[in-house]
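Please model the entire structure based on the sequences and the hints provided.
Using the numbering used here, the letters of the sequence shown map in sequence onto residues 1 to 274.
For the record, the hints were derived by calculation from the structure and aren't laboratory data.
Keep in mind that the hints are not guaranteed to be accurate.
[What the hints assert, rightly or not] Okay, derived cross-link-like pairs now, DSBU-like style, lysine-lysine, Cα gap no bigger than 30 Å in a straight line:
no. : residue 1 : residue 2
1   : K65       : K108
2   : K65       : K203
3   : K91       : K108
4   : K125      : K91
[To be verified] If you anchor each label on the Cβ, the simulated ranges turn out as follows:
no. : residue 1 : residue 2 : range
5   : S66       : E107      : 24 to 30 Å
6   : E90       : G154      : 19 to 25 Å
7   : R123      : Q153      : 37 to 43 Å
8   : E107      : M169      : 23 to 29 Å
Where is the CB? At the ideal position from N, CA and C, for every residue including glycine.
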Amino acid sequence: RGCAVAVELPPVRDPLGCWPPLFPQTILRLRMFDLLQMEWFPAGHGAVLNADGYVELDAIVMNGKSLAAGAVSCIRNISNPVTFACSVLEKTPHMMITGRGANQFAEKLNIPQVAVEELVTDRAKAEWEQYRAPSQDCPWVHDTVGAVAIDCQGNVACATSTGGISNKMAGRVGDTPIIGSGGYADNLVGAVSATGHGESIMKVTLARLILFHMEQGKTTLTVMYVPALLKRHLYNTTMPWPTIHTLLCGLETFNPVRKTDRHHMKYITNPLLL
1 RGCAVAVELP PVRDPLGCWP PLFPQTILRL RMFDLLQMEW FPAGHGAVLN ADGYVELDAI
61 VMNGKSLAAG AVSCIRNISN PVTFACSVLE KTPHMMITGR GANQFAEKLN IPQVAVEELV
121 TDRAKAEWEQ YRAPSQDCPW VHDTVGAVAI DCQGNVACAT STGGISNKMA GRVGDTPIIG
181 SGGYADNLVG AVSATGHGES IMKVTLARLI LFHMEQGKTT LTVMYVPALL KRHLYNTTMP
241 WPTIHTLLCG LETFNPVRKT DRHHMKYITN PLLL
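Laid out in structure tokens, this is it:
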């Protein structure tokens with residue numbers, strides 16, 4: 001339902017009315033701002049709660065032309081971490097900031113900050129109360145929003161935002177803000193945004209792995225290879241969160257360079273969508 005609502009959103013346009021002069025990461029920043037305001041994409045306001053009952057957010061934005069990225073982790077009082085990650089990308093020489101320094105940087109940029117209680121919704125609190133111990137039967141295990149964008153010149157970018165896994169330890173950082181895990185963008189290949197069990201994704205730097213196989217011209221093989229790899233190497237019945245023994249994989253790929261020989265493949269699955 002969230003995807004159905006999202007596709008009805010109007011095109012992202014430049015504030016001056018020009019189209020399309022925006023960098024892909026700017027398009028993603030504006031679009032993700034819209035998505036994170038919607039109840040069906042709870043990766044900001046309304047995200048899952050950690051073990052202490054607070055929202056902690058991670059996000060990444062990556063530019064496929066320069067391979068530059070901006071990421072933030074464990075953010076507690078900023079409702080749109082993608083906007084913040086864009087500021088890290090565009091206004092600092094660094095790629096990731098976290099903790100107290102992140103808050104100080106947000107204050108310097110006048111990025112709106114909210115009380116931590118404002119990010120907590122009744123739904124998230126009810127889920128937290130019901131599933132104090134992470135459970136394989138939890139219906140809202142994680143809440144990640146991801147998107148990729150391409151402009152008229154073939155420049156690509158990716159953005160991913162998440163509240164992580166319900167009842168995670170305070171301070172836990174998943175795959176989302178990790179370059180090559182939660183997202184990766186390269187103009188020569190494409191862009192990927194990943195969601196799923198973060199600890200498993202980080203073991204194989206999944207977003208970069210997908211693009212690696214695309215580089216080798218093995219896009220179709222990738223669809224079969226990645227689930228097999230994860231099932232073979234990462235299956236663990238003692239994992240405290242839902243295990244991946246029933247994992248399927250989804251890909252949405254596009255080659256912006258070979259415009260005369262575009263490949264577009266769709267393989268929709270659950271619970272991992274790339």
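Here's how the hints hold up against the structure:
no. : hint                    : verdict
1   : K65 / K108              : holds (28 Å)
2   : K65 / K203              : holds (26 Å)
3   : K91 / K108              : holds (11 Å)
4   : K125 / K91              : violated (35 Å)
5   : S66 / E107: 24 to 30 Å  : holds (27 Å)
6   : E90 / G154: 19 to 25 Å  : holds (21 Å)
7   : R123 / Q153: 37 to 43 Å : holds (41 Å)
8   : E107 / M169: 23 to 29 Å : holds (27 Å)
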